[in-house]
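**Q** Here the protein sequences come in this chain order: A and B.
Numbered by this note's numbering, the letters in the first sequence go through residues 1 to 343 in order.
Numbered by this note's numbering, the letters in the second sequence go through residues 1 to 344 in order.
For the record, the hints were derived by calculation from the structure and aren't laboratory data.
Treat the hints with caution; some may be incorrect.
[As the list claims (entries may be wrong)] Examples of chain A residues toward chain B, derived with CB under 7 Å:
1. Gly45
2. Ser46
3. Arg47
4. Pro63
5. Ile64
6. Leu66
7. Ala67
8. Leu179
9. Ser180
10. Gly197
11. Gly198
12. Pro314
13. Thr315
14. Glu316
[Said to hold, decoys possible] Label pairs and their calculated CB-CB ranges:
15. B/Ser153 x A/Thr124: 49 to 59 Å
16. A/Leu244 x B/Asp283: 44 to 54 Å
17. A/Trp201 x B/Tyr260: 27 to 37 Å
18. B/Glu146 x A/Thr287: 55 to 65 Å
19. A/Ala208 x B/Asp283: 22 to 32 Å
20. A/Ala208 x B/Ser303: 32 to 42 Å
21. A/Gly127 x B/Asp104: 34 to 44 Å
22. B/Ala108 x A/Thr126: 42 to 52 Å
23. B/Ser303 x A/Arg336: 53 to 63 Å
24. B/Ala61 x A/Ser172: 37 to 47 Å
25. B/Pro248 x A/Arg336: 44 to 54 Å
For clarity, every value in this text was computed on a predicted model and none was experimentally measured.
Where a beta carbon is used, it is the ideal one built from N, C-alpha and C, also for glycine.
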Amino acid sequence: MTTTLAVVAEPDRGTTPDPARRHWRALVLVLLLAAAVVTASLLVGSRTISPAVLFDSSHPQHPIALARFPRTALALAVGAALALSGACMQGLTRNPLADPGILGVTAGASFAMVVAISFVGISTLTGRLFFALLGAALAAVLVHALAGLGRDGATPVKLAIAGAALTAALTSWTSGILLSDRRTMEVFRFWQVGTVGGRGWDVLAAGAPFLVLGVLLAAYGARVLDLLALGDDLARGLGRRVWLDRAVVGLAIVLLAGAATALAGPIAFVGLVVPHAVRALVGAHHTRLLPWSAVGGALLVTAADTLGRVVLPPTEVQVGIMTAVVGLPFFFHLIRRGRVSGL
Amino acid sequence: MRRTTITAAAAGLTLLLSACSTGSTDTAEDEAAPVEPSSSVDADAFPVTVEHAFGATEIEAEPTRVVTMGWSDHDVVLSLGVVPVGATEISWGGNEQGSTPWFDDALAELDGEQPERLSDADGAPVDEIAQLEPDLILATGSGITEAEYKKLSKVADVVAYPDAPWATSWQDSLEMVGSALGRTALADEVRADTEASIAEAAEAHPEVVGKSFVFASLTTTDMSKIDYYTPEDNRPRLLTDLGMVNAPVIEKISEKGAFYGTLSAERAADLESDVFITYAESDKDLAAFTKDPLLGQIPGLKSGHVLASTDQTDALGLSAPSPLSIPYAMEKFVPLVAEAVQGS
Numbered sequence: 001m002t003t004t005l006a007v008v009a010e011p012d013r014g015t016t017p018d019p020a021r022r023h024w025r026a027l028v029l030v031l032l033l034a035a036a037v038v039t040a041s042l043l044v045g046s047r048t049i050s051p052a053v054l055f056d057s058s059h060p061q062h063p064i065a066l067a068r069f070p071r072t073a074l075a076l077a078v079g080a081a082l083a084l085s086g087a088c089m090q091g092l093t094r095n096p097l098a099d100p101g102i103l104g105v106t107a108g109a110s111f112a113m114v115v116a117i118s119f120v121g122i123s124t125l126t127g128r129l130f131f132a133l134l135g136a137a138l139a140a141v142l143v144h145a146l147a148g149l150g151r152d153g154a155t156p157v158k159l160a161i162a163g164a165a166l167t168a169a170l171t172s173w174t175s176g177i178l179l180s181d182r183r184t185m186e187v188f189r190f191w192q193v194g195t196v197g198g199r200g201w202d203v204l205a206a207g208a209p210f211l212v213l214g215v216l217l218a219a220y221g222a223r224v225l226d227l228l229a230l231g232d233d234l235a236r237g238l239g240r241r242v243w244l245d246r247a248v249v250g251l252a253i254v255l256l257a258g259a260a261t262a263l264a265g266p267i268a269f270v271g272l273v274v275p276h277a278v279r280a281l282v283g284a285h286h287t288r289l290l291p292w293s294a295v296g297g298a299l300l301v302t303a304a305d306t307l308g309r310v311v312l313p314p315t316e317v318q319v320g321i322m323t324a325v326v327g328l329p330f331f332f333h334l335i336r337r338g339r340v341s342g343l
Numbered sequence: 001m002r003r004t005t006i007t008a009a010a011a012g013l014t015l016l017l018s019a020c021s022t023g024s025t026d027t028a029e030d031e032a033a034p035v036e037p038s039s040s041v042d043a044d045a046f047p048v049t050v051e052h053a054f055g056a057t058e059i060e061a062e063p064t065r066v067v068t069m070g071w072s073d074h075d076v077v078l079s080l081g082v083v084p085v086g087a088t089e090i091s092w093g094g095n096e097q098g099s100t101p102w103f104d105d106a107l108a109e110l111d112g113e114q115p116e117r118l119s120d121a122d123g124a125p126v127d128e129i130a131q132l133e134p135d136l137i138l139a140t141g142s143g144i145t146e147a148e149y150k151k152l153s154k155v156a157d158v159v160a161y162p163d164a165p166w167a168t169s170w171q172d173s174l175e176m177v178g179s180a181l182g183r184t185a186l187a188d189e190v191r192a193d194t195e196a197s198i199a200e201a202a203e204a205h206p207e208v209v210g211k212s213f214v215f216a217s218l219t220t221t222d223m224s225k226i227d228y229y230t231p232e233d234n235r236p237r238l239l240t241d242l243g244m245v246n247a248p249v250i251e252k253i254s255e256k257g258a259f260y261g262t263l264s265a266e267r268a269a270d271l272e273s274d275v276f277i278t279y280a281e282s283d284k285d286l287a288a289f290t291k292d293p294l295l296g297q298i299p300g301l302k303s304g305h306v307l308a309s310t311d312q313t314d315a316l317g318l319s320a321p322s323p324l325s326i327p328y329a330m331e332k333f334v335p336l337v338a339e340a341v342q343g344s
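For reference, chain A alone in the conformation it holds in the complex:
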């Protein structure tokens, strides 16, 4: 963890010892880890099943396996999207506290969805997705505008405070709508805590186009974020159109965080914790940081969801609670160490 913070505070770009070999070892390790996590997610739960059940459609427990395939896929997708979005956010804002959950993006998506259901009467999943993305975008812009007020501009702490303030406001408005409209509340109970359970392939399919587009834009972003990190003037001097690059990365953040929130509800801290951990392992270059963050996020959310199924039988603990249990102490740790001056 100390390494993480040292890297955060003084990005030591390009001097990681023998990056190729480290990369290779990490790849093997991660592949093993991924196999373990996915297997556990398919087999372990409120009812633990044997591997034979997975492909035996006549087995009485086969329906459980049928539900766990899309559940695992959704956990992987949502986790990857959130972590990728967090890594892009941290790079773009040079703010170690950046996370879609902390900077108000998730709350914006939630609020917009509840408004869409309650007032606009949107019932299709795709319709809700558009509203979620719109809400995410507006919240992101608003937080940056708020934090940008004053002389020293959008500092990390000001961004986090603006994000927290907007999140608080949006969350209470969301609760207000839910309280006054019990029907929307019935439909949207899961908006208070994110979960990947109980959704089929159709839900993932509806979100997939947005996630894929987000990943493509983030891939473009991976190459420009390192240049942007040099400062706007230098990046401009190197021939970048800074505003365009920023807009593309911003759009990637909104697509990834908005779609993930639309699919699973608010899941915080994944976008914060994962990039920091990954940075400690592979360094701060965004071309490495972003893909590995996606992998790490996918594994973290899937593992957290699996754990949530067994900690409190016969019920399940939603993944949104599980990630908060892990993420909140880490968030305080980052703040307490005072290493929040920038990336």
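The hints should help you fit chain B onto chain A, whose structure is shown.
**A** Relative to the frame of chain A, chain B by itself:
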């Protein structure tokens, strides 16, 4: 707009279904409906002391301005011939006036005026209640907190629930309200009439007697869990009054003091019962539940012994049972349960 259509369609369907299965239920309505007008105060009724979860409240004289809180106390008060001046707005399953059909019917018979309907969405509306200048606040079936009780006590005498919030049986409510209004004799009569309406429903539908049930609240937005009502909830209580029994698995997993519990959908197959009852948002929901790989394993769903109740008003009659709503629920809901028991 869309919502209204669905609700209207669901209501229409329910009416249609109940219209097909009338018969002996008519008599139940006739007997339970007429309520004796006032006059029925017991001799030496006051002062009376009523004990409840937050202490004992002494009521010195016959209350004239009664405000009720919760979803059923206004029914209980009205069944004893007293029209409350204020009552909780029924936001779920209620009509445009924040009232219910059974309350409005009884009100019309008494030629009474609709009470001021107060929203409890933001906790007890203490200021609005104070403006009504009540001399008694009845909250026997409510969920008020001790802090709210103390605030309300400064406005008027308050009778809260006997043990736990939102968990009072209609019998206990009726007994407490009967004492507080000095109408214990009438309360006994109302209780007998109400029990008779349940007995008649059981007689009209002998196929439900002795059958086991699971009463759940499934939702299409999170099909990874099953919320079920424990035997301590009013819904299962009313069905057991009818002669049905809680499914053994529910008896086993229910926790003491909780009115509902949650089960992972992966354990759906454990919910063995003769009939499975759930709330649903619309008629399409039942198809979604049945199609879901996990929820579809619920034995009642799988075998077609299922009732997905889409009518919120019917559902409310069961979830907030009272001497007024029970005859209604017996007439509208029990035939649907009977149909589900026989399977489709």
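**Q** Please go over all the hints and tell whether each is borne out by the structure.
**A** Taking the hints in turn, this is what the structure says about them:
no., hint, verdict
1, Gly45, "holds (5 Å)"
2, Ser46, "holds (3 Å)"
3, Arg47, "holds (5 Å)"
4, Pro63, "holds (4 Å)"
5, Ile64, "holds (5 Å)"
6, Leu66, "holds (4 Å)"
7, Ala67, "holds (5 Å)"
8, Leu179, "holds (5 Å)"
9, Ser180, "holds (6 Å)"
10, Gly197, "holds (3 Å)"
11, Gly198, "holds (3 Å)"
12, Pro314, "holds (5 Å)"
13, Thr315, "holds (4 Å)"
14, Glu316, "holds (5 Å)"
15, B/Ser153 x A/Thr124: 49 to 59 Å, "holds (50 Å)"
16, A/Leu244 x B/Asp283: 44 to 54 Å, "holds (50 Å)"
17, A/Trp201 x B/Tyr260: 27 to 37 Å, "holds (30 Å)"
18, B/Glu146 x A/Thr287: 55 to 65 Å, "holds (60 Å)"
19, A/Ala208 x B/Asp283: 22 to 32 Å, "holds (29 Å)"
20, A/Ala208 x B/Ser303: 32 to 42 Å, "holds (36 Å)"
21, A/Gly127 x B/Asp104: 34 to 44 Å, "holds (37 Å)"
22, B/Ala108 x A/Thr126: 42 to 52 Å, "holds (47 Å)"
23, B/Ser303 x A/Arg336: 53 to 63 Å, "holds (58 Å)"
24, B/Ala61 x A/Ser172: 37 to 47 Å, "holds (44 Å)"
25, B/Pro248 x A/Arg336: 44 to 54 Å, "holds (52 Å)"
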